[in-house]
Amino acid sequence: MSISDIFGELQWNSTPMSNRTLTRSSMSDSPTLNSIINGHNPTETINGFQEESTIVSQKTTSMPVVQRQKQWTIDAAGVPHFLCVLSKKNHLLFACDKFGSIDLYQLDSNEPSTSPRHLRQFELFPGNTTNPQPQIIETFTVYTPFIVVAAHLNDQADTSSIYFFDHRGLKQADTCLQNFPVRQLSADVSFKCLWGIDRHQHAVYYNQLPMNVQQIPTYIEHREEFIKFNRSFEPIRIAQNQTSIAIVERNSQCAHIFNKQTKKQIDEIENLLRTKGIFRLWNVLLRDDNSMVLKLDEDLPPNSRPPSINHLVLELDPKGKPISQIERTSVYGLAIGPNQEILLGCKRHQQNGLIECYI
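Counting in my numbering, the sequence shown runs without a single skipped number right up to 522 at its last residue.
Wrong hints could be hidden among the right ones.
[As the list claims (entries may be wrong)] Using C-beta positions, here's what the derived DEER-type ranges look like: (1) Thr492 to Gln284: 21 to 27 angstroms; (2) Asn393 to Gln284: 43 to 49 angstroms; (3) Pro501 to Asp462: 30 to 36 angstroms; (4) Ser353 to His385: 16 to 22 angstroms; (5) Asn317 to Ser272: 35 to 41 angstroms; (6) Gln232 to Glu286: 33 to 39 angstroms; (7) Thr322 to Lys482: 40 to 46 angstroms; (8) His512 to Asn176: 34 to 40 angstroms; (9) Asn466 to Asn317: 14 to 20 angstroms.
[To be verified] With a straight-line cut-off of 30 angstroms between C-alpha atoms, the simulated DSSO-like cross-links for lysine-lysine are: (10) Lys233 to Lys261; (11) Lys391 to Lys426; (12) Lys426 to Lys355; (13) Lys355 to Lys251; (14) Lys482 to Lys233; (15) Lys426 to Lys484; (16) Lys355 to Lys427; (17) Lys261 to Lys391; (18) Lys233 to Lys252; (19) Lys261 to Lys355; (20) Lys427 to Lys484; (21) Lys261 to Lys251; (22) Lys334 to Lys261.
Hints in this document: simulated from the structure, not taken from any laboratory. Just so you know, these numbers come straight off a predicted model, no measurement behind them. For every residue, glycine included, the Cβ atom is placed at its ideal position computed from N, Cα and C.
Let's have the full structure, built from the sequences with the hints guiding it.
Rendered as structure tokens:
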């Protein structure tokens, strides 16, 4: 029996922008981001937010959709909570567990059905897995030349520390202490910024992106708000492409897509129907054409501890229509490969896992 048999159909609605839950950031005219982006003047402003002149027509589409097929599976030393693909001379895949154990692979840039080559394994925090007070990684991102993580002690989840490492796991610069929990960081090389989520302030913000060790303390110390939402809007995940940024909101179960230059919302994807059970939207990937890959997790009763959790990984086209899906248990990491394949980091046992490729 498949997950779709158990949980039934999902429907998604692609709608025009709605400003009911948004308030304009007091720093929205930041010269730092404007100098990087070279945005244009809006033609219309409603409730403090700039409206897009063209909108996506409302459309509701139900599954079934095509099942993606698994092409290969490789072992990982830890449970791959985070997957990042970096395009250099070759395409590199970084797989990191919540303690900072990293497996580095080289992907085949032309043939997605070929298993990647394992290059090395290293620890960001040596001895962390056996430490009685371990550092827990909340978010992980990679660009040239750094690995960036936000982590907190196991019993101190209300604050975070940001660490920079080189691609061999050697720490760069001093630890950057934050007096709030950093939900996510995402390196944006095209806009030269490091996106982040501040859960306390209900805000999506950015820092300038350090390109050398000397820039790290100054750039991380100074941040600018991209959008500050009201208290009912809880951003939990972001993803970005060349022109847009997608923000997942926990309570409404919507993915909002904004233009990075103008801050105009250009689309909104909403979960409209859940039958015979509930999936909740927890993660998103955004392609350059604004098509999306969504990770939905089975919503469980409080304090329940099942041996595994069911997941749907759902692919939407640029108009919000579901076109493919993957049904899997115990999915953590999520990434898109160089040939548009979907990569999943999954738990196999308590302390180790595997990576799977689907096309």
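- Task: Hints the structure violates: just list their numbers, smallest first.
- Result: When the structure is compared with the hints, none of them turns out to be violated.
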